[in-house]
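Enquirer: Residue-level listing of the chains:
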Amino acid sequence: MPHLVILYTPNLDKPLADGGADMGGLCRALCDALLTVRDEQGQQVFPTGGTRVLAYPAAHSAVSDGGATGMAAGLGGDYAFVYMNLRMAKGRSAVVHQRVGEVLNACVKECFAGQLAHRPIGITVQVDEGHEVFDAKNSSLHPLFQRT
Amino acid sequence: MPHLVILYTPNLDKPLADGGADMGGLCRALCDALLTVRDEQGQQVFPTGGTRVLAYPAAHSAVSDGGATGMAAGLGGDYAFVYMNLRMAKGRSAVVHQRVGEVLNACVKECFAGQLAHRPIGITVQVDEGHEVFDAKNSSLHPLFQRT
Amino acid sequence: MPHLVILYTPNLDKPLADGGADMGGLCRALCDALLTVRDEQGQQVFPTGGTRVLAYPAAHSAVSDGGATGMAAGLGGDYAFVYMNLRMAKGRSAVVHQRVGEVLNACVKECFAGQLAHRPIGITVQVDEGHEVFDAKNSSLHPLFQRT
Numbered sequence: 051m052p053h054l055v056i057l058y059t060p061n062l063d064k065p066l067a068d069g070g071a072d073m074g075g076l077c078r079a080l081c082d083a084l085l086t087v088r089d090e091q092g093q094q095v096f097p098t099g100g101t102r103v104l105a106y107p108a109a110h111s112a113v114s115d116g117g118a119t120g121m122a123a124g125l126g127g128d129y130a131f132v133y134m135n136l137r138m139a140k141g142r143s144a145v146v147h148q149r150v151g152e153v154l155n156a157c158v159k160e161c162f163a164g165q166l167a168h169r170p171i172g173i174t175v176q177v178d179e180g181h182e183v184f185d186a187k188n189s190s191l192h193p194l195f196q197r198t
Numbered sequence: 051m052p053h054l055v056i057l058y059t060p061n062l063d064k065p066l067a068d069g070g071a072d073m074g075g076l077c078r079a080l081c082d083a084l085l086t087v088r089d090e091q092g093q094q095v096f097p098t099g100g101t102r103v104l105a106y107p108a109a110h111s112a113v114s115d116g117g118a119t120g121m122a123a124g125l126g127g128d129y130a131f132v133y134m135n136l137r138m139a140k141g142r143s144a145v146v147h148q149r150v151g152e153v154l155n156a157c158v159k160e161c162f163a164g165q166l167a168h169r170p171i172g173i174t175v176q177v178d179e180g181h182e183v184f185d186a187k188n189s190s191l192h193p194l195f196q197r198t
Numbered sequence: 051m052p053h054l055v056i057l058y059t060p061n062l063d064k065p066l067a068d069g070g071a072d073m074g075g076l077c078r079a080l081c082d083a084l085l086t087v088r089d090e091q092g093q094q095v096f097p098t099g100g101t102r103v104l105a106y107p108a109a110h111s112a113v114s115d116g117g118a119t120g121m122a123a124g125l126g127g128d129y130a131f132v133y134m135n136l137r138m139a140k141g142r143s144a145v146v147h148q149r150v151g152e153v154l155n156a157c158v159k160e161c162f163a164g165q166l167a168h169r170p171i172g173i174t175v176q177v178d179e180g181h182e183v184f185d186a187k188n189s190s191l192h193p194l195f196q197r198t
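Protein chains in written order, with the numbering used here: chain A, 51 to 198; chain B, 51 to 198; chain C, 51 to 198.
Each hint should be verified, as a subset may be incorrect.
[To be verified] For lysine-lysine, the following DSS-like pairs were computed, each having C-alpha atoms within a straight-line distance of at most 27 Å:
hint: 1; chain 1: C; residue 1: Lys140; chain 2: B; residue 2: Lys187
hint: 2; chain 1: C; residue 1: Lys159; chain 2: A; residue 2: Lys64
hint: 3; chain 1: C; residue 1: Lys159; chain 2: B; residue 2: Lys140
hint: 4; chain 1: B; residue 1: Lys64; chain 2: C; residue 2: Lys64
hint: 5; chain 1: A; residue 1: Lys140; chain 2: B; residue 2: Lys140
hint: 6; chain 1: A; residue 1: Lys140; chain 2: A; residue 2: Lys187
hint: 7; chain 1: B; residue 1: Lys187; chain 2: B; residue 2: Lys140
hint: 8; chain 1: C; residue 1: Lys187; chain 2: A; residue 2: Lys140
hint: 9; chain 1: C; residue 1: Lys159; chain 2: C; residue 2: Lys64
hint: 10; chain 1: C; residue 1: Lys64; chain 2: B; residue 2: Lys140
hint: 11; chain 1: C; residue 1: Lys140; chain 2: C; residue 2: Lys64
hint: 12; chain 1: A; residue 1: Lys187; chain 2: B; residue 2: Lys159
hint: 13; chain 1: B; residue 1: Lys187; chain 2: B; residue 2: Lys64
hint: 14; chain 1: C; residue 1: Lys64; chain 2: B; residue 2: Lys187
hint: 15; chain 1: B; residue 1: Lys64; chain 2: A; residue 2: Lys187
hint: 16; chain 1: A; residue 1: Lys159; chain 2: A; residue 2: Lys64
hint: 17; chain 1: C; residue 1: Lys64; chain 2: A; residue 2: Lys159
These are computed hints drawn from the structure, not numbers from a lab. Predicted model only: the values in this text are computed from it and were never measured.
Given only the sequences and the hints, what does the whole structure look like? Please build it.
Expert: Now the structure itself:
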């Protein structure tokens with residue numbers, strides 16, 4: 051059930067030379083990172099067949115003061131923002147929550163090191179525990195990994 | 051207030067012949083399904099003028115191991131994922147929650163029967179109860195149905 | 051941390067003359083509105099460098115009965131829907147929650163006055179308090195405003 055959604059400003063979809071980021075590569079890196087997390091017993095926390103990352107550039111957005119302060123500081127006014135929210139099934143320990151968050155945030159720090167150094171950008175990583183009142187899963191993906 | 055959001059991998063927006071699904075038709079089917087749900091007193095649970103379904107293909111995504119296991123199994127590596135989250139107003143009974151979830155999941159099972167049979171795909175249906183700290187509704191849609 | 055996400059039907063991205071709305075301008079107006087909110091001590095509630103608004107038209111959608119009742123009423127069947135959800139950090143007072151919601155809703159009422167008068171449209175504004183189990187922020191935006 052780990053379900054990671056990334057909401058971000060569309061300027062990050064520009065070509066890399068114009069200040070964009072490799073958002074497709076980020077999705078893969080985050081998905082791989084999630085699959086490495088182990089619990090206190092050394093078991094893989096997230097089932098391989100149920101782990102996915104989905105990223106969405108906004109069609110319209112507004113960030114902070116719109117750019118004036120960044121321009122005045124000589125850093126440019128093209129602010130970027132990335133919000134990541136992982137929703138995981140309830141019932142995991144606080145230790146596991148912390149491990150999951152730290153693995154995601156380490157990946158973010160590496161992937162966005164250049165952006166953080168050179169432009170005004172904010173990147174938030176949050177983990178929520180789901181508290182759904184109904185839950186159903188239909189999958190022809192899970193069985194692939196239970197067979198192996 | 052029922053608010054159903056569908057997040058999914060963009061490969062489902064391909065033409066049907068290339069493995070896509072009719073996501074527009076799915077939205078309509080799910081909306082119609084929501085409008086059929088009755089509570090323990092036989093009353094329609096969701097107001098017609100407040101029921102809506104919004105579907106979003108991701109711009110970038112990563113699912114599971116990226117395809118290797120599916121290809122090795124002869125099922126192809128083009129994994130798909132659909133995550134559906136219904137947020138409904140708080141205060142409904144557990145019976146109503148269950149009915150709502152089951153109606154949505156029955157619709158999903160029918161709409162995705164072919165996909166589930168022929169490709170690696172995961173489809174999750176969750177229902178959340180909203181716990182908002184502020185709520186305001188502005189509508190020229192609701193009055194249409196209160197008049198009739 | 052205020053994080054405002056707007057999910058809406060894609061018909062609002064049509065040209066204004068065809069019934070569309072200025073969704074980019076709405077994002078800016080809502081962001082500016084958030085920055086005006088003060089708490090009981092007169093302090094700005096949301097940090098300038100952490101405030102952002104992201105808007106997403108659905109690729110596919112279904113609203114209410116699909117248009118029949120609106121057409122029968124002579125108002126047209128092209129229903130629109132806008133759902134706004136602000137997630138703010140936990141720990142704020144009920145007074146602050148109310149102020150934040152009212153500021154957003156006042157902005158919505160002004161921006162959509164024409165739409166509400168002339169077409170079937172529903173606009174919901176909700177504020178959630180985050181209850182995340184992990185939270186990390188990486189930012190080169192915040193420091194811009196702490197310096198000034």
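Enquirer: Compare the structure with each hint and give your call.
Expert: Verification of the hints:
1. C:Lys140 / B:Lys187: holds (23 Å)
2. C:Lys159 / A:Lys64: violated (34 Å)
3. C:Lys159 / B:Lys140: Judged against 27 Å, a Cα distance of about 25 Å means the pair holds.
4. B:Lys64 / C:Lys64: It holds: about 24 Å lies between the C-alpha atoms, which stays within 27 Å.
5. A:Lys140 / B:Lys140: Holds. Lysine 140 (chain A) to lysine 140 (chain B) sits at ~19 Å (cutoff 27 Å).
6. A:Lys140 / A:Lys187: Holds. Lysine 140 (chain A) to lysine 187 (chain A) sits at ~15 Å (cutoff 27 Å).
7. B:Lys187 / B:Lys140: Holds: lysine 187 (chain B) and lysine 140 (chain B) sit about 15 Å apart, inside 27 Å.
8. C:Lys187 / A:Lys140: holds (23 Å)
9. C:Lys159 / C:Lys64: holds (20 Å)
10. C:Lys64 / B:Lys140: Violated: lysine 64 (chain C) and lysine 140 (chain B) sit about 34 Å apart, past 27 Å.
11. C:Lys140 / C:Lys64: violated (37 Å)
12. A:Lys187 / B:Lys159: holds (10 Å)
13. B:Lys187 / B:Lys64: Given that 27 Å is the threshold and the Cα spacing comes to 36 Å, the pair is violated.
14. C:Lys64 / B:Lys187: holds (23 Å)
15. B:Lys64 / A:Lys187: This hinted pair holds, its Cα atoms lying about 23 Å apart.
16. A:Lys159 / A:Lys64: holds (20 Å)
17. C:Lys64 / A:Lys159: violated (38 Å)
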